[in-house]
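Hints given; two lone chains; assemble the complex.
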Amino acid sequence: MEAALRRFHDLFNQGDTMSNSSTTAPAPKSQADLIYDMQMHLKRRFSIGVAISWFVMLAVLVFLFSSTKISLGSYTFKTIHIDTAFIRENLPFIASGIWVTIGISALSILFATILALLAALGRLSRFPPIYALCTFYVSLIRGTPLYLQIFFFFLALPQVGIILPGLWAGVLALGLNYGAYMSEIFRAGLSSVSKGQREAALAIGMTQRQMMQRVVIPQALRFAIPPTGNEFIAMLKDSALVSATGFVHELMWRATKVGRAQFHNLEALITAAVFYWIMTLVFSYFQSRLETRMSRGER
Amino acid sequence: MAPIIKISHLDKFFGRLQVLKDISMEVNPQEVVCIIGRSGAGKSTLLRCINFLEEPSFGDITVDGVCITGGKKVKEQRGLIHEIRLRTGMVFQEFNLFPHMSVLENVMEGPVTVKNMDKTSALKIAEMNLERVGMINKKNEYPNRISGGQKQRVAIARALAMEPKVMLFDEPTSALDPELIGEVLAVMKSLAHEGTTMLVVTHEMEFARDAANRVIVMHEGEIAEQGSPSQLFDHPENEHTQALLERYRSGKSSQPVN
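Residue numbers (this note's numbering), protein chains in the order written: chain B, 9 to 307; chain E, 7 to 264.
These are calculated hints, taken from the structure and not from any lab test.
The model shown is predicted, which means the values in this text are computed figures rather than measured ones.
Backbone N, C-alpha and C define an ideal beta-carbon position, used for all residues, glycine too.
Any given hint could be a false lead.
Listed below are several chain B residues computed to face chain E (Cβ distance under 10 Å; list not exhaustive) [claimed, not checked]:
| # | residue |
| --- | --- |
| 1 | S147 |
| 2 | G204 |
| 3 | R206 |
| 4 | I212 |
| 5 | G213 |
| 6 | V223 |
| 7 | P226 |
Reference excerpt, derived from the structure (chain E facing chain B, CB under 8 Å, subset only) [as the list claims (entries may be wrong)]:
| # | residue |
| --- | --- |
| 8 | H15 |
| 9 | F19 |
| 10 | L59 |
| 11 | F98 |
| 12 | H106 |
| 13 | E115 |
| 14 | A165 |
| 15 | M168 |
| 16 | K171 |
Computed far set for chain E versus chain B, every beta-carbon distance over 10 Å [what the hints assert, rightly or not]:
| # | residue |
| --- | --- |
| 17 | F64 |
| 18 | E82 |
| 19 | E100 |
| 20 | I187 |
| 21 | E243 |
Next up, chain E with everything else stripped away, as it sits in the complex (with noise of 0.2 Å):
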């Protein structure tokens, strides 16, 4: 099966500094992947080079079909990107739901704005989706009246209501009060679980343990070692990867900082 996600010698500078150095790599359909690494190892600017919130500065990376090159300008591409967009859900660190929206307004803006359905339409799609996400009984509030999981879990079923071919997960927990972790941790499983291809950059070792197909570990912009959770947890070969693990294990109280 062709992959999902095809990433082919990406290259990204921040200015004068390189942070991808030449990454390739791919999801495939119904695959959960896990990208971990230290803070600054280049694992969200990857993530949000894939639906050009970055842009790539050399490199291929293909979407179900779609195909970017990275370093060409913008405004050539803007219907090839709008078309990557319509492929991926991103669930973003902050949640960044629409403060003057409802929830229910949240998740049906999508559907009607952009893909311009009928609001009957919309809304099924959305009371559906927050059912997905047990959210579907706080339909009515505004977003600064649930707590941080609470708008995490809106914040994917708004992205699930535009039914992306893959789902995008930006550090999803790391802001969010240990106590309200595991109810977003919960809502991704039973999505890996229901067959839904994610790519996910998380500090979770857990639930990159748990649920994904494939890990990978990033170091200073490359990817230093990717393989099972089992093969890399239990029998890590890379250097950094060792010493990625021995820090989480020695230190599981002290939470990774960003």
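Isolated chain B (complex conformation) (with noise of 0.2 Å):
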């Protein structure tokens, strides 16, 4: 930090009296330098502003949930109440559910990529029952509601006989889901990968399954991982719904369970809003820097 600030001081001395060399700095600054240190200067200061107003944001956010009380004149208001007794007294009820969030996300996108996959590749068939199993499987999920689909695998399922526990009925339902537009970033990488490659790959005397094992799959599934980590963050979101039926105890689950029993609803939600949030946080970092180091090495 105190290096960046002695080139700071640098720059602007130098940017007055360009011919002298600075008396502190082993060498005068090359004119690419100096234009560098200033591009480096504006974006420094347009991520500090950003910064900045998040916070100031994130303040306002805070004060409409503390209870202040304001006076404008004769006019007294307060803002709204919290009780952050119930907050600390649930907490670790709600918190715990966090893991099982987690947990049925990872599962889900597992199977989701799984299926995916499967359902790309079926699409690059030239067997009509197969490209048709894969077309018919992606226009059914998406064209019901994931809501519909979540209930149909815990509620009418039961009702010819087949009863899947809880975690598992909301697995089968967000990974068929999630799969079936999940297909799409699959297909696009694979036809991200050249002709040219698998005219090489075939060249060599691979057989057409080396051919996608070692040469095009790579390369398409280096396309899509990124992607593939915006779906898992989507998912965590997503995975709220399955509380509806009752029988996973995620996070929204735990919450509406104790908001609904003693009428702190506003308490509970917020919480599992604030976890959802710093969840949807941490992992987009992850996200992020993932789709930087996938993107450094060439396609």
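The following block contains the structure:
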């Protein structure tokens, strides 16, 4: 930090007297260095501005829920009151749903990834039933609401005698749903691998299968991994829908349970919302790091 | 000696368009044959029919004793196609190196995956072939970190690592910046010098004249003329050859565009 400040000090000193070489710096800065410093300076100023604004907005949000008394002349009002004692008391119960939420999301995304890859590969098939199966699956799933699909697995299947454990019904429903959407990502990934790559693989004598395994799919996955991370973050939040069935005790289920029972829905939901938000922030951070790392190498 | 490649009465249609018309030709062991001609004359298609990247419509193609008849269903001949691909090495205009593998892995990929060779032997072969094309010092780089000319040299090593009977070159220098063409042609000349059998589709007339034993001129899907380089370049008989050479001499600066 100190070094950076000194650089700016130099920058502005030199900016005024370009011909004078700085007495403290070992060598005068080149024009390119100066321009680079200036660009970095502007970039940093922007991010600092954004950070401050975020902080202000967060402070306003907290203030709105802080039950502060405000007097404007003769008129006095209070911002929203939150029962912090209730939150403190029920925090462990709600927080223990975090791992269920992450677990069900991770299992579902795994299942969805496998389905999506199969569906995307199936759409390359020249065998009509396989191609049809894949398009049929995607069409059926995308044509019905996720909420309905979840209830179907929890409530409709038991009617015909199929009773799945709560968690598995949730994973099945979420996985099937996300698999259909993600098959488009994988399809784009597969088609991003050029024809020349396939020909090169065939020309050295690979079979179709070896070509897919060794050349096409690895490159398609590299293309598809960052968007899959995005889907996982979306899944973290959509997994809350599973709570409606009452069988999976994840974050949302726990929040509504204690909230309804003690008529403290406001506090319970805010608590859950904060947890969801933090999870999303954490995973988004890893996601963006993954994205930069994956984009570094040429496809 | 039996020819390595023998093509007889080959026809190729793209839809209703006939791009190859009754082509018959041979490539003998240790021979370097260059195919020249205008863009769209069918040179690349002819080359790609040999290892079945394009399916021949009619005619027979024999590579090192393995014969495939055009027009039949691919499924019935899958085994034969595989045999032919093992006997031919292909170098593409666009290099087509595998970007997710290092230079060394690119060259090892064929022996390991296709020939089921153990890693140690494959490594030895790969390093030997990288040495041949002068790329051994870049063996741990990834393709996006090397120049076009270097990529093409690695692509040549990748094809050589399969120890093919004949090397097929599909305009290997057409996608390169002019200053990078020389290094690739130098590698190809040294291969020719070592006695590698080569069939080269090219726009590089100098290369054809220097390195080829025989030059084939194609025009609109047919072989217009063939002969030794000196015969063909100095005393062309066919009007299309004359026109082609005329255009080349008058516009050495204007590169042929695909």
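Status of the hints after comparison with the structure:
For B:S147, the interface hint is violated, since its Cβ never comes within 10 Å of a Cβ in chain E; the closest pair sits about 30 Å apart. Below 10 Å, beta-carbon pairs count as interface contacts, and B:G204 has one with chain E at about 4 Å; its hint therefore holds. Interface restraint check: B:R206 against chain E, minimum CB-CB distance 9 Å, threshold 10 Å, status holds. Because the closest C-beta pair between B:I212 and chain E is about 4 Å apart, less than 10 Å, the hint holds.
At its closest, the beta carbon of B:G213 sits 4 Å from a beta carbon of chain E; the interface hint therefore holds under the 10 Å criterion. For B:V223, the shortest C-beta to C-beta distance to chain E is roughly 6 Å, which falls under 10 Å, so the interface hint holds. The beta carbon of B:P226 is positioned within 10 Å of a beta carbon in chain E (closest approach about 5 Å), and the interface hint is therefore held. Proximity of E:H15 to chain B is violated relative to the hint, the smallest CB-CB distance being about 24 Å (cut-off 8 Å).
A cut of 8 Å between beta carbons decides the hint on E:F19: the least distance to chain B is about 20 Å, and the hint is violated. Hint status for E:L59: holds, given a least beta-carbon distance of 5 Å to chain B, under 8 Å. For E:F98, the interface hint holds, since its Cβ comes within 8 Å of a Cβ in chain B; the closest pair sits about 6 Å apart. The closest approach between the C-beta of E:H106 and any C-beta of chain B is roughly 5 Å, which is under the 8 Å cut-off, so the hint is satisfied.
Given the 8 Å rule on beta carbons, the hint for E:E115 holds: about 7 Å separates it from the nearest Cβ of chain B. Using the Cβ-Cβ criterion of 8 Å, the hint placing E:A165 at the interface with chain B is satisfied: the shortest such distance is roughly 7 Å. Hint on E:M168 holds. Least Cβ distance to chain B is approximately 6 Å, under the 8 Å limit. About 13 Å separates the beta-carbon of E:K171 from the nearest beta-carbon of chain B, more than 8 Å, and the hint is not met.
The claim that E:F64 lies off the interface holds: its Cβ sits roughly 22 Å from the closest Cβ of chain B, which is beyond the 10 Å cut-off. Here E:E82 stays apart from chain B, with its beta-carbon at least about 16 Å from theirs, past the 10 Å limit. A Cβ of chain B approaches the Cβ of E:E100 within 10 Å, the least distance being about 5 Å, so the stated non-interface status is violated. Every CB of chain B is more than 10 Å from the CB of E:I187 (nearest about 20 Å), matching its label as outside the interface.
The beta carbon of E:E243 sits about 35 Å from the closest Cβ of chain B, which is more than 10 Å, so the claim that it is off the interface holds.
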